[in-house]
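Colleague: Chains as they are written, first to last, in the UniProt record's numbering: chain A, 1 to 286; chain B, 1 to 771.
The hints are simulated quantities; they were obtained by calculation from the structure and are not laboratory data. Source: prediction; values computed, not measured. Every residue gets a Cβ at the ideal spot worked out from N, C-alpha and C, and that includes glycine. All clues stand as given, with none of them false.
Computed footprint of chain A on chain B; a stretch qualifies when at least three of its residues, placed anywhere within it, have a C-beta under 8 Å from a C-beta of chain A:
1) 111 to 119
2) 629 to 643
3) 671 to 684
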Amino acid sequence: MRAAAFDYHAPSSLDEAVGLLAEHGDDARVLAGGQSLVPAMNSRLARPGHVIDINRIAHAERPHVSAGRLRIPPLMRHVDFDTLAVDGPLGPLMRDVTRHISHLPIRLRGTFCGSVANADPASEWCLATTVLGAEMIARSARRGVRNVLAKAFYESIMTTALADDEMLVEVQIPLLSPFVRYGFHKIARRSGDYGLALCLVVYERDEDEMVKVRVGLGGVEAVPRRLGAVEELLERRQPSRRLFREAADLAAEIADPLVTADGDEAYQRDLTRAVVTRALDRSLEG
Amino acid sequence: MKHVGRSHPRLGDTPFLTGKAGFVGDIALVDQLHMRVVRSPIAFGRLRGIDAAAAFAVPGLVAVWTAEDVAALPPVGFRLAAAPTLEPYCQPVLAVDVVRYVGEPVAVVFATTATAAEDAAELVALDIDLLAPVLTLTGSSRGFEGETRPAEAATVRKAFGDLAGAMARADRVVEVSVGLDRDGAVPGETRGVVARWDGGRDVIEIWGDARLAPANRDALATMLGRPLAGVEINAVAVGGDFGMRGELYPEDVLVAYAARTLERPVRWIEDRREHLIAADQARAMAATAKAAVAADGRLLALDVEFAIDQGAYLRPTGTMVADLTAAMLPGPYRLEAFRAVGRVRMTNRTPAGAYRGAGRVEATFVRERLMDAVAAATGSPPLEVRRRSFLTPEEMPADRHMTTLGVPMTIDSGRYQSLIDQLTKRFSLELVHRRAIDRRAHGELAGVGTAVFVETSAAGKYEHVTLSVDPSGNLELVTTASELGQGLSTLLAQIVADIVGADPERIRVTHGASTRLGDGVGTFLARSSVMAGTAAQYAAELMRDKILAGAEALLEVPRERLTIHSGRIREADRHFGTALELADLARKMLPGGPLAGADGRGLVTEGWVEGEGMTFPYGVAVAVAEIDAMTGLVRVPRVFIGYDVGNAINPALVESQIATGAVQGLSSALFTSLDVSPAGEPLRVGLTDYLIPSATESPSVDVLITEDAPSLTNPLGMKGAGTAGVTGIGAAVAAAIDEALQVPGFTTHLPVRPVAIRNLLRKRSGKSERG
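Let the hints inform the model, and build the full structure from the sequences given.
Modeller: Right under this line is the structure:
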């Protein structure tokens, strides 16, 4: 349980960090909160030759809002969302979601951007960024900065669109309208575990109807995904338990589940039905 | 003030709370080497060769050993339940020619740092020809090609009465097939051992778990060809034992041997992955059980065949688990006839050993699942079925007409129905049942299950303690029994305090002290409170006599008129003044002095107790289960346990034993199992896959302790409590789930898999289940 030997770098600027990435490519890993990387290295499942610790980058930015977007810098810890002040429902949404992430000691160190770049299929943030239409800002020393939409960012299990020499330097999430309602639900064996299934539902209320419906499913498939057919079913409809059950049934039908040690395909569909039902139900609470 | 029977605060916890306690990982010796074990990645195969050349390139590497280098060492032998026919199943300290489970030690690497040892171990290349592994009990001995040993290492048979006659007279015969998956103790602290050869004294000094220090010292000395005095095991603080730790492992032998051979201190600290694949596992078994039931609903006979998944080798506990499982199957019930056949089956899994509740957990699950099946078959309430067949207090002591672990089995005492009645009244269990019925009427899946169990404790030979008073008036009790967090030190201090007339805080209990006492047995099968407690009682009684004799001579007051209280000796009929401080007396009674007592040893006494048979405590476990219909996830919000401990020396300690055991039992019932892939590769290799319940998932545990059936085997009437909490939970949770689902006999295996519950519910209500 001791990491294989590696070279440790502690750059003091982003320029320096991406410079190191350009130099070492796929033999380098960025260390932010370290809550996934360090255990993986200790069990020698991850063996980077170079670790680029970005925690010493002195002028680490604070999260801020500009041009209608919440801009999340690389070192924003999960726990920082507990006290994030953002106009509209986005702040409460992010606060609800962050409280489902693991346990407090891990939330104190783990970072938002680290989770996004790690791309665990059951990551709360990977689901949230997918549903909320986030844009990932990737930077490399040679090609500069580019923006990648969430739905193009997550490619497969633990795999993103980031090139070997690119670092995720910011995530931008559009603010939510004040008319937005949302519901988040996670099914896990134990409190704080990675979810067996997660669902985030976001829509606006127009009179009695739901519009701009977004339904995202996490944990069940290889990457978090918006369920377009379910969204269409709910669009311009009045919320009702019966409609929600119908939507959940549809979600269970169209999901493309991974089979795990703890559940076969039928069970994964059951979990999908349950998690979508409960996220939708929750959107009516409060 | 009397101390026995009070929930005296635990003594000796301060070092743990202030970070002062020394665990094996805290020990660092000058010039030490770190050992790393190269383990088989293959479940079954022929070991063609080992190439360690690349490892020698790692800076700091000192040695790499394979089986050839340790050819002088015999395999790890037996501590209990041994037989010459079992010897082919003993584990060599390093694999010879064949690897039999993933995790088996194949080579060891010694280096100057732990990291160098790990780096080097990775570079040791193993050439293994794959053979087809046997991973379950369902396969026969077929498929064990390439193996020279029969797949059935031993067959345990126990029987009494006329089984065929009872079966023929039965109104009906009820049968169940049930089983448990593999689990393990998985304590907070993994294994570890440090050893040093002191060349000046020619002694191998060992630091580690001392639960079985005398037995392990003797075994190591024999294996290493040394006199007993040439091996010393020193107790350190341990973060959980539960029967898994403490038994002699290949790693212990390797560390001790290397310390002597390399003439440098050697340290081995297991990592979590190693722990989950290489430390003793337990529980895996399958059983078919039949009950012959009379027309009036009474049990006539039990006939049980079971198989234990022993894994690749037998451990020092030999066939103990199978033996105890067979012996404990009748439980609290009156039977005309009984037969148990237990097969110890070898598989290509990690060796199985003892784990808290060994044999009792298994037997209770089989028997109580069968009793619930009898209830369902006869249409009687589960508790009524049990009541009809309980042995009554008038039938005690009840001869079971068989032996276990070589000891005749006579249940010393028990008032089973009374315990159920008291538990029901104390926690208003009628209301708990009614609430579950009400919840089901409202469409929820909630249920209550009950299991009754008989425990066993205090097995084993003898126990020896010494007690002394030093010149400052402090007492020391020395025992080889171990404090493993269960509170033994507190309990022994309470017993001594009452008899001698001293404050428990002035009594230091030195435990696991095989370096101080040549003999002693150690801690297992919930024996220590009974055995060491009785020995302490005897030593304290002798001490009181000595103190009073000395005081009589000094004060010239007849001893009948003297009392001892809080370490002060005074005349019983005077309310004021201390005639003599214990410290003053101790100084005047120094060994060899004029007042040194009849034996001339001063204030030193010994307590010796020999095994007078086992005690049989008993209990009832009641669990409430609620099931999330949409996900099949089970929650157990409440557990109630009633337990008769004969004499509760410290009720709070008994309660904490029971509550923690209950959570451990719940873990095996719902959350944890040590699964493998079809190739035999462990799937639970870290605490993110091996789901130990946290506080959030743990039930509230209500405990009722009774003292209605004191043991006849020891003067204080004590019975053990170390395993009480864990024994009945699995069976109770299974029954509660059945009731919640309203499907009797649904739960045949633990842990209960949410997938299985969903499969049932899906079938039951067609395609779309509503929750």
